[in-house]
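Student: Working from the sequences, and respecting the hints, build out all of it.
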Amino acid sequence: MLRILGAVMIISGSLGLGLWYRQQFISRLQTLRELEGILELFMSEIRYGKSTLPECCLHLAARLGEPYAQAFRDVFEEMQENTGAGFSEVFCRHMEECLAALPVKKEDGENFLRFISKSSYADEGMQLRTMEMSRELLAGAIERVERENEEKCRLAVGLGAMSGLLLVIVLL
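The numbers in the UniProt record's numbering rise by one with no breaks, and the one at position 31 of the sequence shown is 31.
Among the clues, some could well be false.
Said to hold, decoys possible - Here are the in silico distance ranges between beta carbons for each label pair:
no.: 1; residue 1: G158; residue 2: L5; range: 18 to 28 Å
no.: 2; residue 1: S12; residue 2: L155; range: 18 to 28 Å
no.: 3; residue 1: K106; residue 2: L155; range: 18 to 28 Å
no.: 4; residue 1: K152; residue 2: E34; range: 14 to 24 Å
no.: 5; residue 1: E148; residue 2: E110; range: 13 to 23 Å
no.: 6; residue 1: I26; residue 2: A69; range: 15 to 25 Å
no.: 7; residue 1: L19; residue 2: G86; range: 39 to 49 Å
no.: 8; residue 1: E136; residue 2: G158; range: 31 to 41 Å
Quick caveat, the hints were computed from the structure, so don't treat them as lab data. We treat Cβ as the ideally placed atom computed from N, Cα and C, and that holds for glycine.
Tutor: If you want it as structure tokens, here you go:
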């Protein structure tokens with residue numbers, strides 16, 4: 001009786017691990033879509049609202065949920081304090097802290113922050129072009145992840161269940 005209970009627990013744990021990995025893959029895709037949406041909101045604030053970058057951060061903080069809202073609010077507040085740091089430095093620091101807690105790869109975060117690295121914008125058109133380039137990079141990553149995710153999700157759950165069965169067979 002204890003062996004059967006142990007076998008069920010091992011299989012359940014392994015299957016749970018597979019489901020956790022599956023959720024990580026899905027969360028990354030959702031986060032990439034959120035980042036793409038943030039760039040689109042940024043672009044609309046600049047294009048139609050004629051806002052400066054710090055003002056865009058304040059407007060986005062009001063529209064977005066956590067953890068993004070707090071990061072954008074912190075960027076705006078630090079820019080209002082006039083600490084002498086440039087917008088790109090402040091924005092990158094706060095967004096890197098925010099992205100560190102999210103299930104994205106380093107390259108995804110770099111693609112998102114790429115638009116801000118070229119801080120010497122001549123005009124609003126240049127800002128919009130660099131944001132569009134970053135959005136296209138994220139869209140490419142989203143497309144690639146969507147193609148890979150279906151197979152990876154199935155594989156993660158299947159391997160979790162199969163590894164649990166293998167452990168049960170070896171231990172019995």
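Student: A separate judgement is required for each hint: does it hold in the structure or not?
Tutor: For each hint, the structure was consulted:
no., hint, result
1, G158 - L5: 18 to 28 Å, "24 Å, holds"
2, S12 - L155: 18 to 28 Å, "19 Å, holds"
3, K106 - L155: 18 to 28 Å, "23 Å, holds"
4, K152 - E34: 14 to 24 Å, "20 Å, holds"
5, E148 - E110: 13 to 23 Å, "19 Å, holds"
6, I26 - A69: 15 to 25 Å, "23 Å, holds"
7, L19 - G86: 39 to 49 Å, "44 Å, holds"
8, E136 - G158: 31 to 41 Å, "34 Å, holds"
Every hint, counting from the list given before, is met by this structure.
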